[in-house]
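Residue 204 in the numbering used here sits at position 204 of the sequence shown, and the numbers go up by one each step.
Think of the hints as simulated: they come from the structure by calculation, not from any bench.
Every residue gets a Cβ at the ideal spot worked out from N, C-alpha and C, and that includes glycine.
Each hint should be verified, as a subset may be incorrect.
[As the list claims (entries may be wrong)] The calculated lysine-lysine pairs, modelled on BS3-like cross-linking and capped at a C-alpha distance of 30 Å, are:
| # | residue 1 | residue 2 |
| --- | --- | --- |
| 1 | 9 | 65 |
| 2 | 76 | 99 |
| 3 | 238 | 112 |
| 4 | 99 | 115 |
| 5 | 238 | 273 |
| 6 | 9 | 30 |
| 7 | 103 | 65 |
| 8 | 238 | 274 |
| 9 | 115 | 76 |
| 10 | 65 | 238 |
| 11 | 30 | 65 |
| 12 | 76 | 30 |
| 13 | 65 | 112 |
| 14 | 9 | 238 |
| 15 | 103 | 115 |
| 16 | 265 | 76 |
| 17 | 65 | 99 |
| 18 | 30 | 238 |
| 19 | 76 | 103 |
| 20 | 65 | 76 |
| 21 | 99 | 112 |
| 22 | 115 | 9 |
[To be verified] Distance ranges between label pairs, derived from CB positions:
| # | residue 1 | residue 2 | range |
| --- | --- | --- | --- |
| 23 | 35 | 75 | 17 to 25 Å |
| 24 | 15 | 274 | 44 to 52 Å |
| 25 | 12 | 205 | 32 to 40 Å |
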Amino acid sequence: DEGLPTMLKRGAGFVKRRCFGKKARYLPAKKVLEAQRAEMAGKTADTCGLPTISILTPLYNTPEKFLREMIQSLQKQNYQNWELCLADGSDENHSEIGKVCNKFTAVDSRIKYSKLERNNGISENTNRAIEMATGEYIGFLDHDDILMPDAIYENVNAILNTDEDHLSLSGKHMFPFYKPDWSPDLLFCQMYVCHFMVVRRTLLDTVGHLRSEFNGSQDYDLLLRLSERTNRIYHIPKILYTWRESETSTAANADSKPYADGAGKQALDVHLKKVYGECAYVENTEFIMHGLNYQMRRKFQLLFL
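Given only the sequences and the hints, what does the whole structure look like? Please build it.
Rendered as structure tokens:
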């Protein structure tokens with residue numbers, strides 16, 4: 001129905017997936033990245049009219065190798081109009097983090113570093129990074145994770161949520177998570193968006209910054225509040241972000257941060273009561289960790305219809 005060219009293209013994609021491994025299913029082709037680099041070569045925010053993306057990354061006792069790889073993944077971006085805001089809450093036993101960051105800031109003016117007097121938790125540390133940011137858009141990135149080379153390029157014209165995969169300790173890409181488009185129903189069941197998430201700065205300032213009482217699920221709380229203010233939420237169906245697995249990361253072990261589950265349910269409960277009233281509440285089920293009570297969900301569906 002769609003013609004011979006489309007059939008051949010899909011057939012080539014099938015052969016590529018079957019014969020060249022799992023990564024070929026979602027990692028960008030070399031020629032695609034080269035075309036992006038050629039398109040953006042020499043362009044700045046002043047010459048191309050595209051915005052600056054401020055990437056926020058709170059640091060806390062980050063392994064030096066992971067820190068370098070995270071920063072270098074920014075420097076390898078095809079899109080160059082970004083700034084990286086690093087707010088460091090590491091303890092005195094990890095002074096090497098400041099030394100590494102200062103070496104990067106000395107040669108790349110897009111990288112900003114601030115050593116905090118003390119660790120105030122992920123929400124407050126991220127808020128300090130927000131204060132450093134000057135871009136029209138704000139992006140959230142964990143301190144040990146990696147962006148694909150085309151991640152910011154694909155984000156420049158939209159506020160969106162990208163697909164992700166996991167990076168094992170051995171450096172192997174695995175478990176690609178292909179997400180649906182914006183789905184409030186799914187969001188009520190789990191924090192499926194995660195990173196890499198980019199938000200317009202004016203909208204972020206309107207809903208308020210991260211809240212410490214939801215530490216562990218602070219990004220879930222923020223996303224729920226953002227959804228109360230806008231439906232202009234866009235999803236790019238590409239793997240642009242790599243979530244590193246470690247012993248203390250929920251990427252590898254969902255039980256590594258048990259407090260995150262309680263904080264997530266609290267955030268969802270606050271949101272539901274604000275939007276739907278006191279009749280709405282959260283409960284665990286056999287299949288999902290967070291969600292509306294089934295009978296309440298049925299009522300809401302009828303109401304939306």
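Taking only the CA atoms, is the gap from residue 65 to residue 76 under or equal to 30 Å? holds (16 Å)
Given the hint that residue 238 pairs with residue 112, does the C-alpha gap stay at or below 30 Å? holds (28 Å)
Please work out if residue 115 and residue 76 have their alpha carbons no farther apart than 30 Å. holds (25 Å)
Mind checking the alpha carbons of residue 65 and residue 112 for me, to see if they're no more than 30 Å apart? Cα-Cα ~19 Å, so holds.
Hinted pair, alpha-carbon criterion (30 Å max): residue 76, residue 103. Please report holds or violated. At roughly 17 Å apart (the allowed maximum being 30 Å), residue 103 and residue 76 satisfy the hint.
Hint check: residue 115 vs residue 9, CA-CA at most 30 Å. Holds or violated? Outside the cut-off at roughly 51 Å; violated.
With a cut-off of 30 Å on the C-alpha distance, tell me whether residue 99 and residue 112 pass. At roughly 13 Å apart (the allowed maximum being 30 Å), residue 112 and residue 99 satisfy the hint.
Does residue 30 lie within 30 Å of residue 9 when you go C-alpha to C-alpha? holds (17 Å)
Is the distance from the Cβ of residue 35 to the Cβ of residue 75 consistent with 17 to 25 Å? For residue 75 against residue 35, whose Cβ atoms are near 20 Å apart, the range 17 to 25 Å holds.
30 Å Cα cutoff - pair residue 30, residue 238: holds (15 Å)
With a cut-off of 30 Å on the C-alpha distance, tell me whether residue 103 and residue 65 pass. Holds. Residue 103 to residue 65 sits at ~14 Å (cutoff 30 Å).
Would you mind confirming whether the straight-line C-alpha gap from residue 30 to residue 65 stays at or under 30 Å? holds (25 Å)
Checked against the numbered hints given earlier, this structure breaks hints 1, 5, 8, 16, 22 and 25; the rest are met.
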